[in-house]
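Participant: Given chain G, put chain B in place with the hints provided.
Number of protein chains: 2
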Amino acid sequence: MEQIRSAEILCVGTELLLGDIVNTNAALMAERLAAFGIPVYRQTVVGDNPARLRTALEEAYSRADTVFLSGGLGPTCDDLTKETVAEYFGLPLYLDEESLERIKKYFSDIGRRMPDNNIKQAMIPEGAMIFRNDWGTAPAICIEKDRKTAILLPGPPVEIEQIWFNRVEPYLHLRSGSVIRSKNVHILNMGESAVEEVLRDMMLAGGDLTVAPYAKDGEVRVRVSARAADENTADALCDKAIEKIRETEVGSFIYGIDVGSAENALLIKLRAAGETLAVAESCTGGLLAKRITDIAGCSDVFAGGCVTYSNEAKMRLLGVKHDTLDKHTAVSAETAAEMARGVRLALGTSMGLATTGYAGPGGGTPEDPVGTVYVAVSTAEGERVKRLSMSPLRSRAYIRYSAATQALGLGLGLK
Amino acid sequence: MEQIRSAEILCVGTELLLGDIVNTNAALMAERLAAFGIPVYRQTVVGDNPARLRTALEEAYSRADTVFLSGGLGPTCDDLTKETVAEYFGLPLYLDEESLERIKKYFSDIGRRMPDNNIKQAMIPEGAMIFRNDWGTAPAICIEKDRKTAILLPGPPVEIEQIWFNRVEPYLHLRSGSVIRSKNVHILNMGESAVEEVLRDMMLAGGDLTVAPYAKDGEVRVRVSARAADENTADALCDKAIEKIRETEVGSFIYGIDVGSAENALLIKLRAAGETLAVAESCTGGLLAKRITDIAGCSDVFAGGCVTYSNEAKMRLLGVKHDTLDKHTAVSAETAAEMARGVRLALGTSMGLATTGYAGPGGGTPEDPVGTVYVAVSTAEGERVKRLSMSPLRSRAYIRYSAATQALGLGLGLK
Chain G
1 MEQIRSAEIL CVGTELLLGD IVNTNAALMA ERLAAFGIPV YRQTVVGDNP ARLRTALEEA
61 YSRADTVFLS GGLGPTCDDL TKETVAEYFG LPLYLDEESL ERIKKYFSDI GRRMPDNNIK
121 QAMIPEGAMI FRNDWGTAPA ICIEKDRKTA ILLPGPPVEI EQIWFNRVEP YLHLRSGSVI
181 RSKNVHILNM GESAVEEVLR DMMLAGGDLT VAPYAKDGEV RVRVSARAAD ENTADALCDK
241 AIEKIRETEV GSFIYGIDVG SAENALLIKL RAAGETLAVA ESCTGGLLAK RITDIAGCSD
301 VFAGGCVTYS NEAKMRLLGV KHDTLDKHTA VSAETAAEMA RGVRLALGTS MGLATTGYAG
361 PGGGTPEDPV GTVYVAVSTA EGERVKRLSM SPLRSRAYIR YSAATQALGL GLGLK
Chain B
1 MEQIRSAEIL CVGTELLLGD IVNTNAALMA ERLAAFGIPV YRQTVVGDNP ARLRTALEEA
61 YSRADTVFLS GGLGPTCDDL TKETVAEYFG LPLYLDEESL ERIKKYFSDI GRRMPDNNIK
121 QAMIPEGAMI FRNDWGTAPA ICIEKDRKTA ILLPGPPVEI EQIWFNRVEP YLHLRSGSVI
181 RSKNVHILNM GESAVEEVLR DMMLAGGDLT VAPYAKDGEV RVRVSARAAD ENTADALCDK
241 AIEKIRETEV GSFIYGIDVG SAENALLIKL RAAGETLAVA ESCTGGLLAK RITDIAGCSD
301 VFAGGCVTYS NEAKMRLLGV KHDTLDKHTA VSAETAAEMA RGVRLALGTS MGLATTGYAG
361 PGGGTPEDPV GTVYVAVSTA EGERVKRLSM SPLRSRAYIR YSAATQALGL GLGLK
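For the protein sequence lines, the chains are G and B, in the order given. Position 26 (the first sequence) corresponds to 26 in the numbering used here; numbering is contiguous. Position 118 (the second sequence) corresponds to 118 in the numbering used here; numbering is contiguous.
Next up, chain G with everything else stripped away, as it sits in the complex:
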């Protein structure tokens, strides 16, 4: 088959139409197709209704040569995506023994017998490719016919994500006759427009390299993507571009390449140095610890933390001085420093991080309004504190998330 010229995303599921779940699958597919440079001009959601799905499918193929579908591959009689698409292409279904065995094994591995319903999931349109699902029951399916392509993916986010990266992307590489590799440059403390201004020439250069910044949750991520004949060449192109970015003024704000998040970057850094971490949280209220412990295997670095919401808790658990709270209040550079130091000593770690501030919507003082947060890092060498001043119009969730990120940034040695 030739290259994909344009694609559409078609998500199937009554639970999406009723708003019971948020469509994260569409965002995943859209983001990755954008990275592949495949234009997508429309996303559509329909319910588990064969007639409406059929219409949406016909419309999609009137505009694009490839349709990525998610959902409706389940074992129940409501799940009719595969049947509808097979009918559209005029392909009968056959029972694929290999898929059936795999599904049976999936159930036996969790100590259950496969319900008969699930046999349906092993029915495959004739001539279709099977993208094996090692993370659930329904195999993903790829149909190429009449210069049209349909990629059918299961609805559960965990399954679609794994199948996408492990099955769909290698296929897209084959189809494009070239490989696209992407690397993410993680940037903290430099705004998106400032990053754009510095990198404008690279962004506009075109060709086989694309450089695109994205702002999210108070951070900027620059995605560098390169197209080449093979992975090594594409990787090398990315690396070269990243080196170029490092040489600009953006360079000193980079905290990692493909590290996923600031918390992961800090764990990697501390692990490599044989160091350990504890956190003391006031305004972030557990979010900082939660983000660190989201990462499986963090326990070799992360000892624990204290959420000290009350002044009492700050004194009891962290040894913050009554005098400090009295003189400088709980939201102050002095308190933040004592918290970071206190938790480091209490848990016997090499690094302590702390947050204290006004996350809103209530609270704050004229000098330190809502959005003011002090973050601190403590090591054997001493304490360093940073005062953040976010817009009071920011949401409580944003202020808390950014404060946690900034504390991690201190741990990473950023300004």
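For the record, the hints were derived by calculation from the structure and aren't laboratory data. Take the hints with a grain of salt, since some may be wrong.
No copy labels: a pair is met if it fits in one copy or bridges any two.
Unchecked claim - Dumping the calculated DSSO-like pairs for lysine-lysine here, alpha-carbon to alpha-carbon at most 30 Å: (1) Lys145 x Lys183; (2) Lys216 x Lys105; (3) Lys120 x Lys216; (4) Lys386 x Lys269.
Facilitator: Relative to the frame of chain G, chain B by itself:
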């Protein structure tokens, strides 16, 4: 205008098409339209492209009489939703002085001058209704013409949510000639299918009352909606249905009505009783404290907590006995109880909650595999521990979230 017979959702934004953001607006609108009993058979996403938006709009009106649009009301030249829809309806735009003044005031309130760009946001299609935006700059707009209705809403989730509940729903009430009120019954420790089985008759009864269960994050929520001529009658219908639910075996699993979440329900309960709370977390690693402190104003009840990831931290901060850890390990009923009691005493609160378990993917023992979590509550009356046994196939995020919810459930006095 007559009643809305069917609607579609049309979200506009290149950032959605590129997958840079997840479409939470569609879920919000879909969920609420479902509550109103307005059928929605399709959701569409297009970019900030007038020609493609125009086509999608024409297609939507070929299937439905009402289209809810979000996005593309911003001040930049890319934002063309309003212009495109006005053109579709043949309506010229005029400068609405009242909206302009409001936008100017919005900027002056945050100490800035309104950029000239924003004048564009005060341009309104002739004859349209304005849904005032008190949470951002772009007013929402409602056009009724030729038996078609268009509701244009701003893209930022914070704004659309406020405008939806404060402006759109009252309008929908007017349009339907009746009022729809919904109440959410929060249920823990009873599965969705078990709830469905018990409530089947109510679910199938039809008429002005709808009863629909939803499973999410290990909980079940039953949405009870009633249509009536006025709010009081609708509320009374809901209350009556809820009373009926309480009398079934579902009743003992209900932890609140319209409380939003288990953490909020617990805060309300403790606040009413003048009690205070502290938490000790191992496997949930800060998530429990984070969820509690997500709620503004929690500090009158919540004192703080300890994230004790290491055994060392459990002993140092919570006074868990070395002997207990040695004999029963960190993941045991004994450790959970000591943690809950320890944090209650350390922070001097009336209640302590604790979690300890294997969130995976690594870890676990043959007796306590991944998915095993002990949650505990401690009060002056003593400790109560519950052993959870979740499927090891569940994600780390699910196991942690459910464990936190179950700890809250113990605090709420659930079995």
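Participant: Pop the pair Lys145 and Lys183 into one bin, within, between, both or neither, using alpha-carbon distances up to 30 Å.
Facilitator: neither (33 Å within a copy, 49 Å between copies)
Participant: Could you figure out if Lys120 and Lys216 sit no more than 30 Å apart (CA to CA) within one copy, between two copies, both or neither?
Facilitator: Between copies only: 26 Å across, 41 Å inside.
Participant: At 30 Å max between alpha carbons, let me know whether Lys216 reaches Lys105 within a copy, between copies, both or neither.
Facilitator: The answer is between: 28 Å across copies meets 30 Å, while 41 Å in one copy does not.
Participant: With identical chains treated as interchangeable, where does the CA-CA distance between Lys386 and Lys269 reach 30 Å or less: within a copy, between copies, both, or neither?
Facilitator: within (21 Å within a copy, 37 Å between copies)
Checked against the numbered hints given earlier, the structure breaks only hint 1 and satisfies all the rest.
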